[in-house]
Structure formats: C-alpha cells, structure tokens
Amino acid sequence: MSLATRARAALLAALLLAALPAGAPARAQDAQQGEAVTVPPATAVPGAPQPAAPSRPASGPALAGSLGDDPGWRAYRARFVTERGRIVDTANGLISHSEGQGYGLLLAVAAGDRAAFERIWGWTRANLMVRTDELIAWRWTPDQRPAVSDMNNATDGDILVAWALTEAAEAWGEPSYRTAARRIAVEFGRKTILFKDPHGPLLLPAVSGFSARERADGPLVNLSYWVFPALQRLAIVAPEYDWAALIRSGVAVLRGSRFGPASLPTEWISAKEESLRPADGFPPLFSYNAVRVPLYLAWAGVGRPEDYAPFQALWGGIDRERLPIVDTRDGRPVEWLSEPGYTALPALVACARDGTPIPESLRTVQDNQNYYPTTLHLLALTAARMRYPSCLRS
Amino acid sequence: MPQIVTPRAGLALALLLAGAAPAAAQGGSSGSSSGNPADNPAGGAAAPRVVYGDGARAPAILVDPETSTTPGMVDESALRYYASQKQTARMKAEIARLRRLYPGWSEPADLDSLQPSPPEEAPLWDLFTAGRFQDLRAAIDARRSVDPAWQPSEELARKLRRAEFRSSVRAAGKNPEAVVALYRADPSALDPADVESIWTIADALAATGAAEDAFNLYKSVLDGSGDAGARLATIQKAMAHIKMDQAERLIAMGRQDPGRQDPGRQDPGRQGAEGGSEFDAIRLDITRARIAAFLHDEPAQTPSVADLTAFQAYARKSGDPSQTGLLGWYAYKRRQFREALEWFKQAIARGGDAMVAHGLAHTLRELNMMREAEEVAYAWRDRFVGNELLFIDILERKLTLANPPFIEPARIERYAKVVNATASGEGAQGLAWYAYNSCQFDAALEWFQRAVAWLPGESTVFGYALTLQRLKRQRPYLEVVNRYDGLFPKVVEMLFREDTGGPPLPCANQPPPAPAGRGAARPEPPRPDPQASYGRVPRPDAGGRGEAVPPAVQRNEFPLAVPLDNPLRYPPASVQRALAEAPAPGTYAREPATQSPPLVARRVPGAGTMPYERYGYTLLRGYNGLDKPETLGPPPQGTLWQDQQAERGRNAAEGDRFSVPGRAASERSAANDKGYP
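Going down the list, the protein sequences come from chains A and B.
Numbering (UniProt numbering) for the first sequence: 1 to 394.
Numbering (UniProt numbering) for the second sequence: 1 to 677.
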C-alpha cells in the first residue's frame with residue numbers, strides 16, 4: 001500500500017486546495033449558510049521534511065483495460081446498463097443508486113468502453129448530482145415523484161465514482177473526468193472523513209445521520225465503505241488528503257471488529273468508544289455489505305494474512321456453492337447468498353492468499369443473476385486480472 | 001519539497017542535509033560553527049556529511065545504500081576478532097586502518113574483555129568477516145551434521161543471528177509490513193548498536209501506524225549512542241516519520257553543551273528553550289519540520305523568531321522554490337497575505353511548479369487582486385487540476401453577481417472554452433446567470449441546459465426554469481417544475497408567485513450586447529451608462545442533445561405527468577462521435593417498464609418543505625417512511641467542513657473574502673422575494 005501520499009512532494013502546495021471548498025462555489029448555496037472557506041484542511045500540507053517512501057500514486061497495476069473485451073462485460077451491459085446510462089438494481093425494485101453507478105463506471109473503464117462510461121456518467125450527474133454540493137444523492141426510484149428518493153449521499157458511492165473518473169481521466173486523458181473526480185474527492189474528504197478521530201481517520205457512511213451528534217452510538221462506520229483500491233489512487237486528484245492514513249485506519253477498524261466466535265465484522269459498527277462494537281439498532285450481521293471487505297483488501301493487496309483469516313475460515317468450509325450471512329453473536333448462518341456470482345469472492349481471497357487458481361467455472365459470468373452478484377463477480381475478476389493474473393492462467 | 005521524491009529515505013535525507021548545509025555555512029547567526037564545512041574534520045566541503053559536525057560515524061545515511069559498497073557502520077568485526085584472539089599487533093593495525101578510514105571513529109572500550117573463540121572457529125570467522133552469512137550458516141550446519149554435539153561459540157552465534165537479521169531487514173527495506181514482521185518475530189535479534197537497522201525498523205513501524213514503538217526505537221539510539229552524526233540523523237528520521245510532537249520529545253533530549261553556543265548569537269528565547277543543544281546543527285531542518293507541522297495543524301513548537309529568520313535567510317539565499325514556496329504557505333496560513341505574495345513570487349520566479357502557482361493564485365485572491373488571480377490560475381490550469389477549478393471558481397463569482405459588471409468578451413469567451421472542455425456545471429451556471437442578468441436569454445437558456453445536465457442543483461434548475469419562463473417556453477418550463485416537485489421547493493415556488501417572469505432586470509433598460517457577427521456590421525447604439533453594459537456571452541458549441549421545441553400547453557397544469565429522469569446530456573467532445581451513433585440492438589439494457597409515477601410527490605429526506613404545504617396539501621411518505629419535512633443537518637462533528645464553517649464564522653467580519661458566488665446571488669433572492677439572481 002502506498003504510504004506516500006502525505007509526504008509526497010506535490011503536497012508542497014496542496015495546502016489550501018480545499019480552500020476553495022471542494023465544493024464549488026456555486027453550489028454551496030442553501031442549507032449551510034454558505035461557506036467561504038479559506039481554511040485549508042488540516043491534512044493539506046506541504047510535506048516538506050517528510051521523505052517517506054514517495055511511491056507515485058499512479059504506479060501499480062492499472063485498472064483501465066484490465067477487463068479487456070470481456071464477454072462478461074458485454075453481458076453485464078446488456079442486462080443492467082440502460083442506453084441512457086442508468087444501472088438497474090434488478091433485485092431491488094429496479095432502483096438505481098450511486099454505488100451501482102460507480103461500479104458500472106469502474107467496469108466500463110476496466111473494459112475500455114468509453115461510450116458506456118460516458119452514458120453512465122452522463123446519467124449519474126444529470127440525475128443524482130442534485131445536492132447543493134459535489135456529492136451524489138444515493139438513491140433513485142423510477143416510479144416515484146420525484147425520482148430522487150433521498151438527498152443524502154452514500155460515501156462509498158462517491159468514492160467509487162471519484163475513483164472511476166480518476167482512472168478514466170488517467171487512461172483517456174479526458175479533462176472533464178479529472179475535474180469532476182477532484183470535485184467529488186475533495187468534497188467527501190472534507191465532509192465525511194473524521195481525520196482527527198482517536199481511531200485514526202474514520203469514514204462516515206454519509207454526510208447525514210451517522211455522526212456523534214446524530215446518534216448516541218455515533219460515529220458509525222461501515223467497513224465495506226473503505227474501498228481500499230480507490231483510496232490508493234485518489235491522491236492523483238486530491239493530493240492534500242492523507243489517504244494512506246485512511247487505509248491504515250480501515251485495516252485497524254477491521255482488526256478491531258472481530259466480533260463473536262466467527263471473528264467477523266458486522267455491517268454497521270459503532271466507533272463511539274475506543275473498542276468497537278456492533279452498532280445499535282442494526283442486526284449484528286456479517287452480510288451483503290461486509291462481503292465486500294475482503295474483496296477490497298485483496299484488490300488493493302492490503303493487510304496481513306491474519307486479516308483474511310476469518311473470511312477464509314468462513315468460506316473455506318464444505319459449502320462452497322453459496323455464501324452465508326452470519327449472525328456474529330453466535331457465528332451461525334442465518335441465511336444464504338446462493339447466486340453463483342458471490343462465490344467469486346472466496347475464489348479471489350483464496351487466489352490472493354494462497355495462489356489458488358480461480359476455478360474455470362468462475363472465469364465467465366453466468367447469466368440470469370441479479371445486479372449485485374454479477375457486479376461482485378466481475379469486480380473480483382477485474383481485481384484478479386489486475387493484481388493476481390497468475391490465478392487466471394492455466 | 002518536490003525534490004525529495006527519491007526512492008530511498010536515506011538518500012532523501014542526504015538531500016535534505018545537503019539543502020541544509022549552505023545555511024549552516026552562512027555564519028554565526030544560523031548554525032553552530034561545527035556545522036561549517038570548513039571546520040569539519042572530514043574535510044570534503046561538498047559532502048553532505050559535513051553537517052554532522054564531529055564525525056562520520058553514520059555514513060549509511062549519507063549514501064544510497066543500494067549503490068554503496070560500504071556497510072552502514074564502521075565494520076569492527078575483524079578488530080573484535082583479533083582482540084578476542086589476543087592478536088595485539090593485528091588489532092593495532094586494524095585500529096589504525098579504521099581511524100584512517102573514519103576520522104571520527106575511536107575504538108570500542110570492551111576490546112580487552114572479549115573472550116577468545118575456539119581456534120577451530122577461525123575459518124568460520126573468516127566467512128563472517130567476509131559477510132558470507134549463507135556460507136557460514138551452511139558450514140555450521142555441515143559441521144553439526146558430522147558432530148551433533150558441536151555448537152558455535154555464543155559470540156559467533158549471536159553475531160551471525162544479528163547479521164542475518166540485519167541483512168533480512170535490509171532486504172525487506174522497501175516493504176514496511178515485512179520489516180515490521182521480521183522485527184516483531186524476534187526483537188532481540190536487533191543489535192542495539194546497529195543504528196541503521198534501528199532506523200529502518202523505526203521508519204517501518206511508523207509507516208504501519210505503530211508510532212509509539214517507532215518513537216521508542218529512535219529514542220533507544222539517543223539513549224545508547226554517543227555518536228553525534230547518528231544522533232542528528234535520528235532526529236531527522238524521526239521528524240520525517242513520526243508526528244512532530246513526538247519528535248519534539250526527542251529533540252528535547254538533546255545534550256546541552258555550553259561550549260557549543262555561538263557567542264555571536266543573541267537570542268535569549270532560543271537559549272532559554274534549548275540553547276546550545278547538540279541538535280542546533282540541524283536547526284533548519286527542525287524549523288522546517290515545525291513549519292510543516294503547523295501547516296498540517298499538528299502540534300509542535302512554534303519556530304522562534306531567530307529560527308524563522310534563519311530559515312528565511314536560507315530560503316532566500318538558496319532560491320529553492322520548494323523552500324520559498326513553503327514559506328509562502330506558512331505566511332498564507334497565518335493570513336499574512338502580503339508576505340505570502342512575496343514568497344510565492346520568489347518561488348515562481350525561480351522555477352516554482354503548478355502548486356506554487358496555486359498558492360500564488362490563492363494569495364492574490366485573498367488580497368482581492370482577482371484579475372491577477374484569474375490570470376495565474378488560467379496560465380497554470382493544465383499542470384494542476386486545482387488551478388483549473390480555481391480559474392472556473394474565481395470568475396464564476398463575478399458572473400453570478402446580481403448586477404453583473406462588464407466583462408471583456410474575450411475573457412468570457414476564454415472562460416466558456418474552459419467550461420466546455422471541463423464540462424463544468426459550476427462554470428456553465430455562472431455563464432448562464434451572467435447571460436440571464438444581462439438579458440441575453442437565448443445564451444442563458446443554452447448554458448442553463450448544460451448546467452442542468454452537469455450539475456442539476458436547486459439554484460441551477462431554478463435558473464433554468466426561470467429562463468424558460470421568460471422565454472415563454474411553457475411546456476418545458478412546466479416539465480422542469482414538475483420533474484423536481486418534491487425535491488426543490490424554490491423551483492416549485494415559481495408556480496405560486498404573483499409576478500411570473502420575475503421582476504424587471506437591471507439590463508432591461510440597456511440595449512442587449514450586440515449578437516455575434518451582425519454586431520460588427522451595425523453601428524452600436526450609444527450606451528446611456530457604460531457602467532451598466534455587459535460582455536456578450538457566447539453560445540456554447542453545438543454537440544449536445546438538447547430538447548426539441550415541444551408544443552405549448554395550458555398554464556397551471558400542475559401536477560403534470562412528466563418523465564422523471566433528466567434527459568439533458570452534453571458529453572465531452574472526445575466521445576461525441578462514439579455517442580452519436582445509435583448502439584446496436586441488445587448492446588444496452590432496455591429501460592424496464594415501471595408503472596407511471598403518482599402525481600403526488602413523496603417526501604424526500606433532506607429536501608425540506610414544499611411551498612404548497614402552506615395551503616394544507618400533503619406529500620406521500622418517503623421511501624423510509626418519513627412523513628415530516630426534513631432538511632439536511634449541519635456539518636457532521638469532526639469533519640474539516642465543520643472546522644471550516646467555524647473558521648468562517650470567526651472571520652465573518654473581514655469584508656471581501658472569497659465567498660461562494662452562486663450563493664450570494666441565490667440567497668439574496670430567497671431572502672428578498674423581489675429579487676432574482
């Protein structure tokens with residue numbers, strides 16, 4: 001993982017980048033009484049005497065083109081991406097959300113599909129960037145008035161979109177993608193990251209609803225919102241933030257969230273006290289959200305073997321056809337994720353940790369699955385092609 | 001410090017030192033005399049090691065470990081071997097040799113007490129002193145396979161273990177996780193005298209978040225090593241890798257040496273704090289680190305006036321834009337903008353990069369030299385995306401003034417190009433408002449269409465609807481209002497106004513700017529008041545997919561069934577061709593058929609109260625069951641946003657600050673029913 005962001009030379013003057021609020025002038029108009037911000041974020045720093053490992057953030061395996069002309073992408077596009085650029089969540093009332101738009105953009109970059117990328121981005125901004133800032137309203141329902149059903153953002157959606165725009169700008173040199181990536185990244189950096197939390201920087205799941213003031217057990221975090229491979233790359237557009245520290249704190253939160261006999265994180269975690277615990281009012285489950293944690297770890301090559309161990313133990317058993325949703329209190333499955341795409345996650349983890357080849361049956365994406373397992377499957381394949389290509393040979 | 005982009009911390013440190021050296025040489029006012037190259041026993045004025053003061057005990061940090069053939073420390077292995085064998089003549093020769101090689105070096109005190117190792121170990125020691133650890137390990141194994149009872153002497157075994165540890169640490173040097181794992185597996189294998197490995201491990205601990213362990217290792221060097229060079233380098237390592245307030249604790253451990261005090265220096269404050277510290281030799285580096293900590297909002301000592309003056313003198317003399325630029329940011333953050341301007345100008349003049357330009361532009365902005373700020377940001381827009389955004393945001397402010405000033409057409413033209421190239425919703429609505437407020441409604445409409453495609457926030461959609469209304473394009477106007485029913489109160493409010501079309505605009509009494517082309521052929525009518533004239537806003541380039549002119553509809557059709565997704569798209573030029581052709585059937589998913597949405601809006605968390613609620617109309621429950629209007633909350637506790645808002649509150653009285661342009665305009669209209677942006 002890149003430890004360099006904070007010391008990078010470019011930082012010299014990154015100070016104050018956020019002086020112009022990320023947010024853009026024209027937009028911070030309403031609710032918040034404006035924000036002429038001339039104060040640099042605490043992290044925006046000239047890293048003068050900090051010659052830490054200055055790896056270029058642009059180094060490392062490239063996402064763009066890694067999926068090649070994969071038939072899996074073409075099938076995905078034909079099934080979930082409308083011509084206007086909306087990603088349809090087929091298992092969820094055909095709604096769309098910022099997370100899905102972000103995944104669609106990432107897969108389009110990975111497949112080198114510029115037209116699809118632009119369609120998805122065009123829809124995303126035209127329909128979801130309705131807030132007074134640079135963040136993305138997270139939820140859109142086709143048969144409601146208005147279609148936007150929540151003004152709140154979802155920080156993982158913002159991260160995914162900013163990452164995809166960054167990769168697209170790097171790969172295709174399109175300036176408008178770079179400026180948009182920066183606007184979004186700077187904005188969620190200042191609005192959703194708690195840089196001075198005692199746990200290290202914490203990622204609020206959204207601008208509204210999860211902070212210490214808003215919840216008795218706040219701040220709340222969702223580990224699967226730490227999109228580690230994105231955090232390794234966002235310094236390209238927003239060098240003023242200490243992304244490496246955010247990666248470290250994510251790993252630390254993971255290490256502090258080994259709940260119950262199975263040592264698994266819950267979807268929602270209270271970071272109010274020094275010791276983390278499952279959040280109040282949410283079922284203490286390892287479920288749809290948290291299955292992405294090992295995906296992002298492996299994709300970024302972050303963490304030590306023991307960080308993967310609970311997931312490997314959970315997924316290494318006899319039942320390899322489906323993934324359990326686990327009640328962390330007793331470590332027992334309460335439900336199963338049975339669509340085959342989900343099993344790409346254990347395959348990726350086994351590949352990343354032990355070099356186990358991805359099974360032949362998982363190298364192509366099966367039809368007739370819903371949006372989420374298909375997406376996870378293609379993401380896992382993309383991660384393997386980028387970082388563990390040997391698992392796909394032979 | 002852009003130059004410090006070397007792959008090895010060691011080399012980077014050497015560079016840092018090299019940077020510090022000239023300042024130390026400036027004379028009595030800035031550094032201790034032992035920091036002066038001329039005084040250094042090592043001689044070589046060009047060598048960075050001169051800043052170490054009294055010796056070259058730690059050559060490792062002065063060279064790139066990858067290319068160096070010299071191990072990090074003075075290799076005393078042979079000496080210790082001869083001593084343990086009581087081979088006095090050879091021992092003395094070795095001492096002389098080492099003294100010649102390392103002028104600051106003196107022999108260890110424990111030579112007499114070394115135990116002789118068994119004579120049959122001599123060939124093994126030869127392997128050891130030759131650094132052939134693998135061969136030595138193999139030889140030991142071979143011997144033990146013949147004679148299982150045999151053990152190497154304790155001395156040899158320990159030294160081998162430490163040497164092996166040291167080379168594995170060195171091999172893992174680039175991977176902090178691996179270095180830390182090695183260390184955690186066997187902390188006792190670390191030779192307390194092996195300063196280079198200690199540094200590597202401490203750096204790795206710091207990099208992996210174990211700052212306190214890193215601190216303790218750095219501290220162990222200060223506790224255990226008397227070598228001046230190693231001690232200075234330890235401070236530099238610590239400043240580079242752990243938080244400055246921890247590094248300050250190490251700096252405070254510096255030995256006070258009255259003899260080192262420079263009689264020419266008159267600075268009671270500094271002497272009171274830690275005058276005559278052995279670390280004065282790296283005073284510049286410490287000052288630099290304190291400045292950086294201040295810029296990071298991290299606790300550290302405030303540089304004393306004398307230290308700051310010395311650093312400024314050094315920066316000025318070296319002309320290194322990374323140093324003058326740093327002082328620029330330092331002044332900026334303390335809101336000393338005149339001073340910041342001077343430093344940034346110096347830095348730019350001496351080759352400063354796009355980040356320095358960024359600082360310069362912000363400083364000019366703070367000094368209300370907006371025109372200059374705009375030019376700087378424009379000139380440096382290609383080399384740093386932040387400058388491009390700054391350029392857009394600076395002029396946007398002027399564009400969105402309710403009564404906009406005259407802006408030269410060429411400047412607007414240039415701005416429009418950048419806005420199109422970056423598909424900036426912020427810029428597009430800026431141009432749109434400028435056009436609207438100068439009665440150029442056709443241009444306003446086209447820019448608002450782009451703005452609504454790129455960033456359809458409430459005030460942008462409001463401006464779009466307002467322009468449609470003014471142009472009497474009733475059908476699209478009602479479509480927009482209905483589309484955002486339940487989401488944007490200000491847009492829906494338009495239906496409930498008496499004065500449709502808005503109040504008279506200041507430009508209504510002015511002749512509109514001459515349209516392109518024809519304007520030149522026709523003599524312009526005299527302007528009654530040159531102050532009130534406006535620059536022509538160009539129409540955006542063709543290429544998007546806007547709306548066709550639909551048939552007119554009756555007024556007051558609300559609620560109206562309208563498509564609820566926003567159809568506006570203006571893709572960047574680079575993909576327009578790819579998007580122009582209709583995709584082959586089956587390429588994309590078909591929009592799934594859903595039932596047509598109800599005409600009554602539902603609650604949206606964060607959207608606030610709809611205007612018709614005051615007449616008793618209600619909304620459907622939100623997707624999450626919400627049945628009361630709800631606005632988005634204040635900045636979450638602990639975010640930079642919260643700090644920034646607090647800061648802004650404190651400085652509110654400061655007059656003309658860079659403020660959010662669109663807000664000034666749109667909030668005025670919210671507060672005052674009669675005024676539009």
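Hints may contain errors.
List time: in silico DSS-like cross-link candidates among lysine-lysine, alpha-carbon distance up to 27 Å [said to hold, decoys possible]:
#1 Lys-243(B) <-> Lys-196(A)
#2 Lys-398(B) <-> Lys-490(B)
#3 Lys-398(B) <-> Lys-417(B)
#4 Lys-628(B) <-> Lys-196(A)
#5 Lys-317(B) <-> Lys-345(B)
#6 Lys-196(A) <-> Lys-272(A)
#7 Lys-219(B) <-> Lys-159(B)
#8 Lys-272(A) <-> Lys-243(B)
#9 Lys-490(B) <-> Lys-628(B)
No lab work stands behind these hints, which were simulated from the structure alone.
Bear in mind that the values here come from a model prediction, so they are computed numbers and not experimental data.
Comparing the hints with the structure gives:
1. Lys-243(B) <-> Lys-196(A): Distance of about 13 Å is within 27 Å: holds.
2. Lys-398(B) <-> Lys-490(B): Measuring from Cα to Cα gives roughly 23 Å; hence the hint holds.
3. Lys-398(B) <-> Lys-417(B): Satisfied, since the Cα-Cα distance of roughly 17 Å is no more than 27 Å.
4. Lys-628(B) <-> Lys-196(A): Outside the cut-off at roughly 34 Å; violated.
5. Lys-317(B) <-> Lys-345(B): Within the cut-off at roughly 15 Å; holds.
6. Lys-196(A) <-> Lys-272(A): holds (13 Å)
7. Lys-219(B) <-> Lys-159(B): Holds. Lys-219(B) to Lys-159(B) sits at ~23 Å (cutoff 27 Å).
8. Lys-272(A) <-> Lys-243(B): holds (24 Å)
9. Lys-490(B) <-> Lys-628(B): holds (18 Å)
Violation of the numbered hints given earlier is confined to hint 4; every other hint is satisfied by the structure.
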